[in-house]
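**Student:** The chain contents come next:
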Amino acid sequence: MSLITEIVISFFLIVAGIFGLVGSFGLLKLRDSMQRLHAPTKATTLGVGGVLIASMLYFLLGKGTLSFHELLITLFLFLTAPITANFIAKTFITRNVRDHELPETGGNYGWAPYDDPPPQEVDIPEDKTGG
Amino acid sequence: MMTAALFFAFGCFGLGLLFNLWRIATGPDAADRILALDTMVINVIAMLILYGIYRSTAMYYEAAMLVAMVGFVSTVAYCRFVLRGDIIE
Chain A
1 MSLITEIVIS FFLIVAGIFG LVGSFGLLKL RDSMQRLHAP TKATTLGVGG
51 VLIASMLYFL LGKGTLSFHE LLITLFLFLT APITANFIAK TFITRNVRDH
101 ELPETGGNYG WAPYDDPPPQ EVDIPEDKTG G
Chain B
1 MMTAALFFAF GCFGLGLLFN LWRIATGPDA ADRILALDTM VINVIAMLIL
51 YGIYRSTAMY YEAAMLVAMV GFVSTVAYCR FVLRGDIIE
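Top to bottom, those sequences are chains A and B. Using the UniProt record's numbering, the first residue of the first sequence is number 1, and each one after it goes up by one. Using the UniProt record's numbering, the first residue of the second sequence is number 1, and each one after it goes up by one.
Chain B with its partners taken away, still in its complex shape (with noise of 0.2 Å):
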């Protein structure tokens, strides 16, 4: 039962990767590409903490903690390219 709702949970965050990809390819806005691309670090982060429950280890969390870390420090740099045109003034 619990295999059976770890895969209903590996589908709804797969089928939500792929809705932020098409608002990534379609975004008519910057700001939109941004929000896209931070929403599917969110996501990654959910698929590999679901894999480590699948797999039974904890060797994922570090993986998913770099990955947090890694996708905020991006999200920021985007946004200051964007609002002043450099990133460490």
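The shape of chain A in the complex, shown without the other chains (with noise of 0.2 Å):
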């Protein structure tokens, strides 16, 4: 291996583990627990995008394979980072915030623990056999 892959896979390990690192940290660090929602479903995902691309990098140059796996994981990640955040934010406001601390939402319906969904327009078959 060359000494300037072992420089691109090396800076993207180093800026991987930084990242992770400070995700962690501002987990501990952050007052509030809707501050600290912040650090880790934001700065994590990204240091596990650095591992990934590092680990993409050594196989193909390294070792001459290209895999396909790593891309899988970084989908997967980035695409339930987001619910798992608004999961979280749901479960702290049922029981943390009551509906009338709450700011308007200004839409037609309220926030999502303390309001029902509005009704949705579905056509359901009649029964006709009449049992």
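No lab work stands behind these hints, which were simulated from the structure alone. This one's a predicted model, so the numbers in the text were calculated from it and none came from an experiment. Here a beta-carbon is modelled for each residue, glycine too, at the ideal position from N, C-alpha and C. Some clues are possibly wrong.
Stated by the list, open to error - Just some of the chain B residues that point at chain A, by a computed CB distance under 7 Å:
{"no.": "1", "residue": "M1"}
{"no.": "2", "residue": "G16"}
{"no.": "3", "residue": "T26"}
{"no.": "4", "residue": "I49"}
{"no.": "5", "residue": "A64"}
{"no.": "6", "residue": "A68"}
{"no.": "7", "residue": "V70"}
{"no.": "8", "residue": "D86"}
As the list claims (entries may be wrong) - Ranges of calculated distance between the beta carbons of each label pair, as one might list FRET restraints:
{"no.": "9", "chain 1": "B", "residue 1": "I87", "chain 2": "A", "residue 2": "D99", "range": "18 to 26 Å"}
{"no.": "10", "chain 1": "B", "residue 1": "D86", "chain 2": "A", "residue 2": "R31", "range": "30 to 38 Å"}
{"no.": "11", "chain 1": "B", "residue 1": "W22", "chain 2": "A", "residue 2": "F68", "range": "43 to 51 Å"}
{"no.": "12", "chain 1": "B", "residue 1": "I88", "chain 2": "A", "residue 2": "M1", "range": "23 to 31 Å"}
{"no.": "13", "chain 1": "A", "residue 1": "L102", "chain 2": "B", "residue 2": "G85", "range": "35 to 43 Å"}
{"no.": "14", "chain 1": "A", "residue 1": "L72", "chain 2": "B", "residue 2": "A25", "range": "31 to 39 Å"}
{"no.": "15", "chain 1": "A", "residue 1": "N108", "chain 2": "B", "residue 2": "W22", "range": "36 to 44 Å"}
{"no.": "16", "chain 1": "B", "residue 1": "S56", "chain 2": "A", "residue 2": "L102", "range": "48 to 56 Å"}
Unchecked claim - Cross-link-like lysine to aspartate or glutamate pairs, in silico, EDC-like; alpha carbons within 20 Å at most:
{"no.": "17", "chain 1": "A", "residue 1": "K90", "chain 2": "A", "residue 2": "E101"}
{"no.": "18", "chain 1": "A", "residue 1": "K90", "chain 2": "A", "residue 2": "D32"}
{"no.": "19", "chain 1": "A", "residue 1": "K42", "chain 2": "B", "residue 2": "D32"}
{"no.": "20", "chain 1": "A", "residue 1": "K29", "chain 2": "B", "residue 2": "D32"}
{"no.": "21", "chain 1": "A", "residue 1": "K63", "chain 2": "B", "residue 2": "E62"}
{"no.": "22", "chain 1": "A", "residue 1": "K90", "chain 2": "B", "residue 2": "D86"}
{"no.": "23", "chain 1": "A", "residue 1": "K90", "chain 2": "B", "residue 2": "E62"}
{"no.": "24", "chain 1": "A", "residue 1": "K90", "chain 2": "A", "residue 2": "E104"}
{"no.": "25", "chain 1": "A", "residue 1": "K42", "chain 2": "A", "residue 2": "D32"}
{"no.": "26", "chain 1": "A", "residue 1": "K63", "chain 2": "A", "residue 2": "E101"}
{"no.": "27", "chain 1": "A", "residue 1": "K29", "chain 2": "B", "residue 2": "E62"}
{"no.": "28", "chain 1": "A", "residue 1": "K90", "chain 2": "A", "residue 2": "D115"}
{"no.": "29", "chain 1": "A", "residue 1": "K29", "chain 2": "B", "residue 2": "D29"}
{"no.": "30", "chain 1": "A", "residue 1": "K90", "chain 2": "A", "residue 2": "D116"}
Combine both chains into one complex, guided by the hints.
**Tutor:** Here's what the structure looks like:
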């Protein structure tokens, strides 16, 4: 493996390690639960992305085999991180914030933990057999 | 040089795991504990892939993929349980 390849892979590894450490440290450092939600869901996901890029470069440039497993893991993590953050925020609102403390949503219906979802126009087929 | 960078990344993610463990132990709310568990899963995925680079084998991607899927499903299940008192209604 040439020197320039090692330098590039080491750069990605160090950047990924710093991002992961900053994300986990933010989970410890920030004051509020809703503030704490910011650090891990963004910084740690970026750190894992850096590790996956380093792994892909290592197997492409060092071994000569191109693999797409890392891209699969990256896609899965980047898809599921916002869903997880949304669920955790809903859990916090349900347990700690009452309905009258929340600001207005500005829409047709209220916040999801305290208001029913809007009615949907779905055609339910009638049971014609009569039982 | 690449081995030193690998060990640096191992140290960073290991320290991050210790921070997450502290947040699980002292988290004032259930949401904090769920968030710390989810971050632990992401750090463990990173460490598995680093170990795959260290051993220079492609065998650990399947393990990382399985950990990612199980972690997402467990986080959503825990949140559903706290939100609705039931997982599958």
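**Student:** Could you run down the list of hints and mark each one as holding or not?
**Tutor:** Okay, the hints, checked on the actual structure:
no.: 1; hint: M1; in the structure: holds, 5 Å
no.: 2; hint: G16; in the structure: holds, 3 Å
no.: 3; hint: T26; in the structure: violated, 9 Å
no.: 4; hint: I49; in the structure: holds, 5 Å
no.: 5; hint: A64; in the structure: holds, 6 Å
no.: 6; hint: A68; in the structure: holds, 5 Å
no.: 7; hint: V70; in the structure: violated, 12 Å
no.: 8; hint: D86; in the structure: violated, 14 Å
no.: 9; hint: B:I87 - A:D99: 18 to 26 Å; in the structure: holds, 25 Å
no.: 10; hint: B:D86 - A:R31: 30 to 38 Å; in the structure: holds, 33 Å
no.: 11; hint: B:W22 - A:F68: 43 to 51 Å; in the structure: violated, 36 Å
no.: 12; hint: B:I88 - A:M1: 23 to 31 Å; in the structure: violated, 50 Å
no.: 13; hint: A:L102 - B:G85: 35 to 43 Å; in the structure: violated, 22 Å
no.: 14; hint: A:L72 - B:A25: 31 to 39 Å; in the structure: holds, 34 Å
no.: 15; hint: A:N108 - B:W22: 36 to 44 Å; in the structure: holds, 43 Å
no.: 16; hint: B:S56 - A:L102: 48 to 56 Å; in the structure: holds, 52 Å
no.: 17; hint: A:K90 - A:E101; in the structure: holds, 15 Å
no.: 18; hint: A:K90 - A:D32; in the structure: holds, 15 Å
no.: 19; hint: A:K42 - B:D32; in the structure: holds, 16 Å
no.: 20; hint: A:K29 - B:D32; in the structure: holds, 13 Å
no.: 21; hint: A:K63 - B:E62; in the structure: holds, 19 Å
no.: 22; hint: A:K90 - B:D86; in the structure: holds, 15 Å
no.: 23; hint: A:K90 - B:E62; in the structure: violated, 31 Å
no.: 24; hint: A:K90 - A:E104; in the structure: holds, 16 Å
no.: 25; hint: A:K42 - A:D32; in the structure: holds, 17 Å
no.: 26; hint: A:K63 - A:E101; in the structure: violated, 58 Å
no.: 27; hint: A:K29 - B:E62; in the structure: violated, 33 Å
no.: 28; hint: A:K90 - A:D115; in the structure: holds, 12 Å
no.: 29; hint: A:K29 - B:D29; in the structure: holds, 16 Å
no.: 30; hint: A:K90 - A:D116; in the structure: holds, 14 Å
Figure legend: structure checked against the earlier numbered hints; hints not met, in rising order: 3, 7, 8, 11, 12, 13, 23, 26 and 27.
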